[in-house]
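2 protein chains.
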Amino acid sequence: MTAFMTPPAIDAPLPRAEFEARLRAIGDARYHDKHPFHDRLHSGQCSMTEVQAWVINRWHYQSSIPMKDAAFMSRCRDPDLRRAWRSRIDDHDGGPESGGGIRRWLKLAEGVGLDPEYVASGAGVMPATRFAVDAYVRFVRDEPLIAAMASSLTEMFAPAIHTRRIDGLLEHYSFANPETVSYFRHRLTEAPKDVRFTLDWVLTHAVTRADQEAAIAALTFKTDVLWAQLDALWNGYVEGRIPPGAWQPGEGQAR
Amino acid sequence: MTAFMTPPAIDAPLPRAEFEARLRAIGDARYHDKHPFHDRLHSGQCSMTEVQAWVINRWHYQSSIPMKDAAFMSRCRDPDLRRAWRSRIDDHDGGPESGGGIRRWLKLAEGVGLDPEYVASGAGVMPATRFAVDAYVRFVRDEPLIAAMASSLTEMFAPAIHTRRIDGLLEHYSFANPETVSYFRHRLTEAPKDVRFTLDWVLTHAVTRADQEAAIAALTFKTDVLWAQLDALWNGYVEGRIPPGAWQPGEGQAR
Chain U
391 MTAFMTPPAI DAPLPRAEFE ARLRAIGDAR YHDKHPFHDR LHSGQCSMTE VQAWVINRWH
451 YQSSIPMKDA AFMSRCRDPD LRRAWRSRID DHDGGPESGG GIRRWLKLAE GVGLDPEYVA
511 SGAGVMPATR FAVDAYVRFV RDEPLIAAMA SSLTEMFAPA IHTRRIDGLL EHYSFANPET
571 VSYFRHRLTE APKDVRFTLD WVLTHAVTRA DQEAAIAALT FKTDVLWAQL DALWNGYVEG
631 RIPPGAWQPG EGQAR
Chain B
391 MTAFMTPPAI DAPLPRAEFE ARLRAIGDAR YHDKHPFHDR LHSGQCSMTE VQAWVINRWH
451 YQSSIPMKDA AFMSRCRDPD LRRAWRSRID DHDGGPESGG GIRRWLKLAE GVGLDPEYVA
511 SGAGVMPATR FAVDAYVRFV RDEPLIAAMA SSLTEMFAPA IHTRRIDGLL EHYSFANPET
571 VSYFRHRLTE APKDVRFTLD WVLTHAVTRA DQEAAIAALT FKTDVLWAQL DALWNGYVEG
631 RIPPGAWQPG EGQAR
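Top line first, the protein sequences correspond to chains U and B. Basically our numbering = 1-based index in the first sequence + 390. Basically our numbering = 1-based index in the second sequence + 390.
Hints were generated in silico from the structure; no laboratory data involved. Don't take every hint at face value.
The list treats identical chains as one, so a pair stands whether inside a single copy or across any two.
Only pairs whose alpha carbons sit at most 25 Å apart, straight line, appear in this in silico SDA-like list of lysine to any residue [to be verified]: (1) Lys424 with Gly635; (2) Lys424 with Ala600; (3) Lys583 with Phe565; (4) Lys424 with Pro634; (5) Lys424 with Ala513; (6) Lys424 with Glu641; (7) Lys497 with Pro634; (8) Lys424 with Gly640; (9) Lys497 with Leu578; (10) Lys424 with Glu629; (11) Lys424 with Gly489; (12) Lys497 with Arg420; (13) Lys424 with Ile632; (14) Lys497 with Arg414.
Bound conformation, chain U alone:
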């Protein structure tokens, strides 16, 4: 039996390194570190209204993440996979005394002059933020497992933006201090731990070209989820076209 002269199957899987490169290229092309809102935030050009709007809206994302991870675990028959995933929920929810990432986000909310109870209520979140974030939770609950896992891989690109954000906030805003930026500081170690496990899992288990393409599409989808949140924020609070029912500057201030 000779194999030469046989053209590669149309759907031959990508070699592992090429598959990983395709995933990483998504970050270069469309991760939300490229969005002008982040330049504005990190360079100190945001007004406090814009910062508050960002904190209020991103709360919906942050507080949905452990629900997204629970949705993922609700689909895993494999205890090993559930065990590996569980630390994500721990990171965000923490213990009853110490709290986790979500409570750290509320410290930021307090730091920027908002009533943390108002922020935690989710009142004032823009509908567009909700639509995008809820689409992510639904995606992880409903789509095939490899795609559901791959959608979390924006964490590959997160440490760079978090480093820039910590530096930028501390340099430019009087609200920034070790307590208010501690959410981002923790993510510098949490995200790489998650990525190591998940990237290896996806690279190993996506053995068909179709699975690889589904993983690439899932990561692309997730960058859309992040980008759409910043577009909505820009439109609402930089341009000042606040949609009906969303937070109005001055509402929800710390008492």
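Using the hints, position chain B against chain U.
Just chain B now, kept in the frame of chain U:
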């Protein structure tokens, strides 16, 4: 047994007329006829790029409506209710020769210089449009029946905007003619038929205050779905901040 001196129960249902007035007030407060994009469109201020972007993105909404209605019918045990609802799918899909509202939308797409196959492919639809529209389909599939029905009642407010749109397009744009505006012309008779049935059904069956409030919230949610689409359109194509992967002016033109 004396009833006087008894305060009304906290959750006493609203009288039918008041409940209807609450539903109608949502239109006055936040239906998307108030969005600046519609002023711009109906007064002839939109560039052809903006019109094309509107047609491409609203395609995702139009083409999802029969899926939304099928999702609704998939939950109805009552053949009478399914029968009453079925005409909505007929209106949008029509017969294989004649087509329905969806095919009429593609006539508009052709009229504004787009390749109808490109539009029908859904390529280039903004992620934010998808997130909003898909949230609507999910809502109708998952939420309680009264809320699912009430979310369709934006049709109460549609004839006025469609009349203004037909007039505005015919007055200001050379692409407008009886064929390209026929989608809207048909909606002038289809929507009131749907509303008569659904409004009466909701007013009659929402007998607790909680059900009434759920109906009001559902209709509010639906106005958010419509508004968010126009915010995304404005941000992307009036302000020119096109999100990654979305339609670029010049793509998908008629050949």
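We went through each hint and held it up to the structure:
no. : hint               : verdict
1   : Lys424 with Gly635 : between (29 Å within a copy, 14 Å between copies)
2   : Lys424 with Ala600 : neither (29 Å within a copy, 44 Å between copies)
3   : Lys583 with Phe565 : neither (29 Å within a copy, 56 Å between copies)
4   : Lys424 with Pro634 : between (28 Å within a copy, 10 Å between copies)
5   : Lys424 with Ala513 : between (28 Å within a copy, 23 Å between copies)
6   : Lys424 with Glu641 : between (30 Å within a copy, 23 Å between copies)
7   : Lys497 with Pro634 : neither (28 Å within a copy, 32 Å between copies)
8   : Lys424 with Gly640 : between (29 Å within a copy, 24 Å between copies)
9   : Lys497 with Leu578 : within (18 Å within a copy, 52 Å between copies)
10  : Lys424 with Glu629 : both (19 Å within a copy, 17 Å between copies)
11  : Lys424 with Gly489 : neither (31 Å within a copy, 43 Å between copies)
12  : Lys497 with Arg420 : neither (29 Å within a copy, 33 Å between copies)
13  : Lys424 with Ile632 : both (23 Å within a copy, 13 Å between copies)
14  : Lys497 with Arg414 : neither (32 Å within a copy, 41 Å between copies)
Against the hints set out earlier in the document, violations occur for numbers 2, 3, 7, 11, 12, 14.
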